[in-house]
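S.K.: Listed below are the residues making up each chain.
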Amino acid sequence: MQLVKNILDSLHNASQKNKLLGMFKPVLNAIDGFFFGTPHVTSIPHIVDPLDIKRFMSFVIIALIPAVLGAIYAWGLRVIAVIIVSYLFGGLIEVAFAIARKKEVHEGFLVTGLIFPLILPPNVPLWVVAIGVMFGVLFGKEVFGGTGRNIFNPAIAGRIFLTIAFPQIMSVKWPLPFTSGLGGFVHYQNSVDAVTSATPLALFKTQMLLTPYTQLFFGQGTGCIGETFRIGLILGGLFLILLKIVDWRIPFAYLFSVAAFSFLGNQFLHTHFAPPLFQLLSGGLLLGAFFMATDPVTSPFTKQGRWIAGVSLGVLTVLIRGLSGYVEGVMFSILLLNVFGPLIDLLVLKVRYRKKIVTAQK
Amino acid sequence: MIKRSKTFKGGYIFQRYLSNPLDTLLEQGIPEKVIIPLAQGFGSEVKLLVKKGDKVSAGQIIGRDDENVSSPVHSSVFGTVEEIKRMNYFKRELEMVVIRADKTQKDYLRVEGFNPDWAKLRQEELEKILYLSGVTALDREGIPTRFKSSVIPPSGVENIIVHGVGSEPYNISLELLLNGKKILNLIDGLRILNTIMPGANMYLALNSRKQKLLEEINKIAVKYKWLKVVPLEPKYPQGYDEMLIPTLLNQRFPYGYSAANIGVVVLNIQAVLSVYEAVCEGKPLIERIIALCGPGLKEPLHVKARIGTPLGEIITPRLNEKLKSRIVLNSLMTGVKLNDLTLPISRTFSHLIAIPEGDKREFLAFMRPGLRQQSYSHTFASSLLPFFNKTADTNLHGEERPCISCSYCEEVCPVGIIPHLLSKYIKRNMIDETLMNYNIFNCIECGLCTFVCPSKIPLLQHLKEGKDKLTMQGCDHAQCILPYFDMKGIEEYRGVTKL
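Order-wise, the sequence lines are chains H and D. Count the first sequence with the numbering used here and you get residues 82 to 443, in order. Count the second sequence with the numbering used here and you get residues 1351 to 1849, in order.
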């Protein structure tokens, strides 16, 4: 502890003397705040909740740990490299903006930097990861004014950009996961020769094949890095809901409406719409519902708005999956709802605070 | 008779904090000198009746004004008037009477006409005793009598609410206030109030977690048809008039006005006990029981102190010298910070809370498990282990960050406004009717939004600022209230209701 303090103090002194180093003050302050907390005191009320944004965001990361471990097991140690690249380049943009704005480095990026790699295909080249995360943080968040003001979820913005810019890389080659022994914990990545196969959703779309549910559940299917180990995602999501970090309404409404509408679709048009359980357990739905649709900044903030958003997300996802040319609809529907979030809130507020008719009592 | 206790939407139940006051009561004794402000509790400043050098007795009325809404003020000790000066006392410029006390005389003058068998007294005699004893000045709007002690006459009262909910982080101990025979005193006090205001329904709202006390009171209360005992969850801010009235009476509250304006008198337990003491024992309001709580003290307990005793005499010898403490009056959520300990205590004081000033930095603070942290979210070990008492300090526990719209503040808001939204409007200086439409004037300044905010945004401060700016622009809270309510006594003087 004393050691960290000494290093920080000497860095602080150096930054005060050197102008160039002085620019990096936000970074220093962030590190300082990370280790030592704050000396500031309250005014009124005299006591405040000890929960801060650092802890808030840390818990999202903790909730993602099972999914990350599952991903490493399935896709090899390369996943760690992808995550490091994502943090490095995304962090670069974040710090650059903090320096330019002369503001603090905000913690929101810690979550973006981890979620972004989880929604990429396992064999994505590292340079693509770097481009994607930089685009996501820059155009998904910073151009709107940084954390708290962004309209789009930065991770999804980056991912959609990659999907459109590099369709070949992003949606054609899907390696098979490790399924036995120590799996990915002792390999860098599955050998290039391993048979590549389509994702479960694509298999259904093209050949009406339903992948077994246990395979989907325990992460033996193909798919993006972090979306296949679904039991870990469910556990992580429930953990966040129990801790009140995310609101239960959006994931519940989202998953429920996916189940309901795919049941209806399956009844009437079973060639296009997969059965409910399959829909719930395939693609990025669970990751999206628990970790991305619930991002408090970009989702509606009113309770009613959250219900509306959840249900519309479900409808959109089922429709895109069933009727469009795309295989997966979670990302697009979340991005679309990000756009409509403020509008939904505005409508809810209009209804809630509509002008009362002036009538005196009695 | 287990019924689900009534409650309201929003709010937050504080878990038990460390160093809640013990059930012991100490006599503070007579101080060297007392300083008595001429406006205490509800009412305007009264006219001085003594001059420098006068000999006064404890219980003697030294200030009285029958023209305006007020109650008499007494000397709390025997002694001589040493000085009369104007000074600033909690944002009011007041006349203060400094009395050098005679420490040998611990007695006091009884109020004229008191009678242990109070049932023999007529209604106007009861009212007179209450008025002369000063008890009528207690609580936010006082007790109505024919002597202009409140903004409404006794006949205008439709409901009386007596509450001991204890929803604050630190509360005065109900068990102490109501130990032994005091329960009977409380009931007698209620009956006296019922005699003065026979038309009013009486509600006695008590903490639903104090089952033993509730049962005892219920046994006695069944005899009286006009009295309803209601258990209430100790959910902050249930003890506020603004929350008690919607919860108990299913009535909307005229935010920004007082309960008296809609014919409700809200009193706390200590006020009713004082009513009993005034009528049956002839004791004027010269003493208060004050709960001393918080980890900044050596030992948390209750003291009975004469009004006018300087704060320092009560609290300084009991502070833990090893800690730098902040002393707060009455409530950790809304109370003022007491910097000047030479100020005297007045009738409105009920709690003095000392919590350590948290200006020290903590290594890896945000990663600590937090066994003793009070948190709205469940991210601390304390939510798994609720039996650990929680610590309190004034550290901000994190840097201020932009709002992430987590809507914790909306969830806890007891009056259904969206603090984070309003705060964004106010910060960008977009101050117009939109704010009014979003019910900014409903804000009762309970401070819960600022308490729960993980981004450490001073939402309460922003909301206050917004209200002030709106009022300066000519949008008054009256516009939101007056068209909807049939208000009583609003043309009368309104005192400072809260510190």
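Since the hints were made in silico from the structure, they are not lab data. Remember, predicted model here, so these are calculated numbers, not experimental data. Treat each hint with caution, since some may be false.
[Claimed, not checked] Below 25 Å or equal to it, Euclidean Cα-Cα: the simulated BS3-like pairs (lysine-lysine) are:
#1 Lys-1710(D) x Lys-106(H)
#2 Lys-183(H) x Lys-1774(D)
#3 Lys-1562(D) x Lys-1531(D)
S.K.: Now look at each hint and say whether the structure bears it out.
M.R.: Hints, verified against the model:
1. Between Lys-1710(D) and Lys-106(H), the direct Cα distance comes to roughly 22 Å. Compliance with the 25 Å bound is thereby established for this hinted pair.
2. For the hint linking Lys-183(H) to Lys-1774(D), the alpha-carbon distance of about 21 Å falls within 25 Å, and the restraint holds.
3. Between the alpha carbons of Lys-1562(D) and Lys-1531(D) the distance comes to roughly 15 Å, so the proposed pair stays at or under 25 Å and holds.
Of the numbered hints listed earlier, not one is contradicted by the structure.
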